[in-house]
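Asks: Spelled out, the chains give:
There are 2 protein chains.
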Amino acid sequence: MKYIKNPSEIEVKSFEIIQGIIDEIRPGYEFKNEIEEKIIKRCIHTTADFEYLDILKISDRAVDKLVDALKSGATVYTDTNMALSGINKRKLKALGCEIKCFVADEEVAKIAKEKKMTRSMAAVEKAASEEGRKIFVMGNAPTALYKVMEMKKEGKLNPDAIIGVPVGFVGAAESKDELEKSDNEYILAKGRKGGSNLAAAIVNAVLYSI
Amino acid sequence: MKYIKNPSEIEVKSFEIIQGIIDEIRPGYEFKNEIEEKIIKRCIHTTADFEYLDILKISDRAVDKLVDALKSGATVYTDTNMALSGINKRKLKALGCEIKCFVADEEVAKIAKEKKMTRSMAAVEKAASEEGRKIFVMGNAPTALYKVMEMKKEGKLNPDAIIGVPVGFVGAAESKDELEKSDNEYILAKGRKGGSNLAAAIVNAVLYSI
Chain A
0 MKYIKNPSEI EVKSFEIIQG IIDEIRPGYE FKNEIEEKII KRCIHTTADF
50 EYLDILKISD RAVDKLVDAL KSGATVYTDT NMALSGINKR KLKALGCEIK
100 CFVADEEVAK IAKEKKMTRS MAAVEKAASE EGRKIFVMGN APTALYKVME
150 MKKEGKLNPD AIIGVPVGFV GAAESKDELE KSDNEYILAK GRKGGSNLAA
200 AIVNAVLYSI
Chain B
0 MKYIKNPSEI EVKSFEIIQG IIDEIRPGYE FKNEIEEKII KRCIHTTADF
50 EYLDILKISD RAVDKLVDAL KSGATVYTDT NMALSGINKR KLKALGCEIK
100 CFVADEEVAK IAKEKKMTRS MAAVEKAASE EGRKIFVMGN APTALYKVME
150 MKKEGKLNPD AIIGVPVGFV GAAESKDELE KSDNEYILAK GRKGGSNLAA
200 AIVNAVLYSI
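Chains as they are written, first to last, in numbering that gives the first Met the number 0: chain A, 0 to 209; chain B, 0 to 209.
Watch out, some of these pointers could steer you wrong.
Identical chains blur together in the list; that is why a pair holds if it fits in one copy or across any two.
Below, simulated BS3-like cross-link-like pairs (lysine-lysine); rule was C-alpha separation at most 27 Å, straight line [what the hints assert, rightly or not]:
id	residue 1	residue 2
1	12	112
2	90	4
3	40	189
4	125	88
5	109	90
6	88	99
7	56	155
8	99	112
9	12	155
10	112	56
No wet-lab data here; the hints were simulated from the structure.
Between the sequences and the hints, there should be enough to build the whole structure, so can you do that?
Replies: What follows is the structure, given as structure tokens:
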């Protein structure tokens, strides 16, 4: 069986094919700017789903805030270990950033049970108790995304930016509509689609632009 | 902000909504059997993408082989740490199964460099060198999927079943077409779509059915 075995060759070729398909299915489609192009194309690269041309929304200062926070050693908090797994840790480490996911933390499980909230929500409370600049990356749990927005409103949390791409049928679309209306800097996917893989792809696209 | 915070309630409600949407967009759609229904619905649950109604293909004996292997303490080999992260380890452990991903293994990196192959391919070689029954779960790397099929043909590897859902634009669709034509038991997604999240969802659907 003959197939391309060089990873960097595969990646370059993939992005060429993606542009070719965009030219075909959406002639004249224009990205707002170079970084938005990179983010959306990486979302398509990760999902093979061209709907991200339409549903990915990036607030005006989101990328600047993300880049500034990442250059300043912010901590990245994810709602799943899957999202954490997919994010380029080598790049983060080189920038002096940490990445954490508290969802499987024993203390968090205990708090969630006591307070009758999801573990994802309790994980946000734990993140909020830590020092330093924060980026939240939510690919799974609408409850966690709501919790970040609630704590921000209550003055208990001040994230630099939120990657808000929970996937699903209960609360996911609604949570992202809330995020779009909020005063947070965000990258989000409208509607039901999203996921941990998408969340990781978005963070990586920003990391690779630095 | 009001939203459902009970995880099991969210899951039950999600699957009701998924069935409702299927009734609406595909009236009269019939799943082949109960386990196929569970697998496809969990794929939709994970991606919010109803295309999986059409593109997910399950070979006749795939589920039986998967269940038998899992009940016999097989080892699950994934091509990414993301897929590994998403698979229910508590369930696997209860069945006496191990799960491994060698892609970030130092020895594998060395072999890949020497043999000029991808790390994913070298990871398959390492898996093949181990004893015991094997399930391969490929959500990312067509090269790894080809490698499993090659080694099977050469008599160097005898997987019980292959979850073959690499996503992407270079080799992904082709690798899955090969898998469909092969004599392996498979669960695959036709075309470009797939991913580590999907791979994990499929394994979990089978695990939850045991």
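Asks: All hints, please: hold or fail.
Replies: Hint check:
no.: 1; hint: 12 to 112; result: between (48 Å within a copy, 21 Å between copies)
no.: 2; hint: 90 to 4; result: within (24 Å within a copy, 34 Å between copies)
no.: 3; hint: 40 to 189; result: both (16 Å within a copy, 21 Å between copies)
no.: 4; hint: 125 to 88; result: both (21 Å within a copy, 24 Å between copies)
no.: 5; hint: 109 to 90; result: between (33 Å within a copy, 21 Å between copies)
no.: 6; hint: 88 to 99; result: both (11 Å within a copy, 20 Å between copies)
no.: 7; hint: 56 to 155; result: within (26 Å within a copy, 48 Å between copies)
no.: 8; hint: 99 to 112; result: within (21 Å within a copy, 31 Å between copies)
no.: 9; hint: 12 to 155; result: neither (45 Å within a copy, 31 Å between copies)
no.: 10; hint: 112 to 56; result: neither (34 Å within a copy, 40 Å between copies)
The structure does not agree with the numbered hints 9, 10 stated previously, though it agrees with the rest.
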